[in-house]
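Protein sequence lines, in the order shown, are assigned to chains U and G.
Here the first sequence stands for residues 1 to 113, where the numbers follow the numbering used here.
Here the second sequence stands for residues 1001 to 1111, where the numbers follow the numbering used here.
Rather than coming from a laboratory, the hints here were simulated on the basis of the structure.
One or more of the hints may lead you astray.
So the derived list for chain G, only partly shown, Cβ under 10 angstroms to chain U, looks like this [said to hold, decoys possible]:
1. Tyr1030
2. Gly1040
3. Tyr1048
Derived DEER-like restraints, expressed as beta-carbon distance ranges [stated by the list, open to error]:
4. Pro1111(G) / Glu68(U): 45 to 55 angstroms
5. Pro1111(G) / Gly28(U): 37 to 47 angstroms
6. Pro55(U) / Glu1077(G): 35 to 45 angstroms
7. Gly28(U) / Ala1016(G): 35 to 45 angstroms
8. Ser7(U) / Asp1068(G): 37 to 47 angstroms
9. Thr78(U) / Arg1066(G): 31 to 41 angstroms
10. Val74(U) / Leu1110(G): 38 to 48 angstroms
11. Ser38(U) / Ser1108(G): 36 to 46 angstroms
Ideal placement from N, C-alpha and C gives every residue a C-beta, glycine not left out.
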Amino acid sequence: GAGVSQSPSNKVTEKGKDVELRCDPISGHTALYWYRQSLGQGLEFLIYFQGNSAPDKSGLPSDRFSAERTGESVSTLTIQRTQQEDSAVYLCASSLGGSVEAFFGQGTRLTVV
Amino acid sequence: GQSLEQPSEVTAVEGAIVQINCTYQTSGFYGLSWYQQHDGGAPTFLSYNALDGLEETGRFSSFLSRSDSYGYLLLQELQMKDSASYFCAVREDNYGQNFVFGPGTRLSVLP
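Just chain G, same shape as in the assembly (with noise of 0.2 angstroms):
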């Protein structure tokens, strides 16, 4: 079978910084994604890792250790505008581009 798991919700507060982990259980692995989501809006691409290590993409950065089955969202310097859900998701098939997601991380930031 196939599970990612994700904690549910995470709260933080301006300025710090949070990790949101993942870790997964799949068919195949050939990279793990993450999405955000604002209540009501569309999910959007945050960021891509296939290899192992660390992807820095401005405040956010993204970390996969394909040994562990883990990776994690790093955001670094909070604002409000971060308060979303988080998704992670992973990419199975090296043929298609179908990813299986994650039930999702709800990140709420406070002043």
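Same shape as in the complex, but just chain U (with noise of 0.2 angstroms):
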């Protein structure tokens, strides 16, 4: 596709089990981004991958959240014994190394009950 995709576009789990979030960037997009954004707020930043350096891990909020990324392609954002907290929609984004306009995918919804 011409997008970044994400998926699922909706995810509905219980408190304590581990869930998976896929994010496919764009072809050729280097950088890729996650991000959670809460009801009506900001988005909050979580990890950034450029290229082969080592992720920029700093806005992971606990150890529970994990991310990984195959070369330059699939991002998986992993969340361990998901907590009612985690409820939000995360974003994924990609970027062409040094740009700055990010392209963001649909997000995924996750609700934990």
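Hints in hand, dock the two standalone chains.
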């Protein structure tokens, strides 16, 4: 596809379960970001990948959160032992190296019940 | 610490001009971006200012004053479709491309 693709679009999970969120960036984009957006709020930075460099994990809220990226393609955000406060929309974005314009996916709406 | 401030809501009528302000306090500053997000949609890039002054792109313009840690987005000839949330975002790091986002301003355009 031409844009950033995220799956699933919606996920309902029980408290304590693990979830995996997937992001397919635009082909050729070396930078990939994960953000979290709570209802009516701004975007909270989680993690940033740039090429083969070590990722910037400074925004991950706890050690229950982790993310991986395979080369310069797919990324997976994993949340272990989900809590109700993890409920939010998780947005992925990608950009060309050196570009300040980030292209966002439609997000995954996570609901922890 | 880092903080960005924006008005939470702005209301205007079709055809009018509206200015959405953004003030920031961050550990580093290399530029200010603006994004638009319609309800349920993905944020989309509008503009980026690295230097002081006004950048114009069609009906939208963005301004930056680094000495005042301040910027604004100016929307002219408002249309109903401009009703959305608008976020400013600061680029803190010259090596990375990570941005810190503001809380967003919800713009409502009335007929």
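Okay, the hints, checked on the actual structure:
1. Hint on Tyr1030(G) holds. Least Cβ distance to chain U is approximately 9 angstroms, under the 10 angstroms limit.
2. Hint status for Gly1040(G): holds, given a least beta-carbon distance of 8 angstroms to chain U, under 10 angstroms.
3. For Tyr1048(G), the shortest C-beta to C-beta distance to chain U is roughly 5 angstroms, which falls under 10 angstroms, so the interface hint holds.
4. For the pair Pro1111(G) and Glu68(U), the beta carbons lie near 48 angstroms from each other, so the given range of 45 to 55 angstroms is met.
5. Our hint of 37 to 47 angstroms for Pro1111(G) and Gly28(U) holds, since their Cβ atoms are close to 42 angstroms apart.
6. Under the hint 35 to 45 angstroms, the C-beta atoms of Pro55(U) and Glu1077(G), about 42 angstroms apart, fit the expected range.
7. Distance hint check: the CB atoms of Gly28(U) and Ala1016(G) are about 40 angstroms apart, consistent with the given range 35 to 45 angstroms.
8. The hinted window of 37 to 47 angstroms between Ser7(U) and Asp1068(G) holds, with their beta carbons roughly 43 angstroms apart.
9. Evaluation of the 31 to 41 angstroms hint for Thr78(U) and Arg1066(G) yields a pass: the beta carbon distance comes to about 39 angstroms.
10. Restraint check, Val74(U) to Leu1110(G): a C-beta distance of roughly 43 angstroms satisfies the suggested window 38 to 48 angstroms.
11. For the pair Ser38(U) and Ser1108(G), the supplied restraint of 36 to 46 angstroms is violated, since their beta-carbon distance comes to about 21 angstroms.
Going down the numbered hints, you'll see the structure goes against just number 11.
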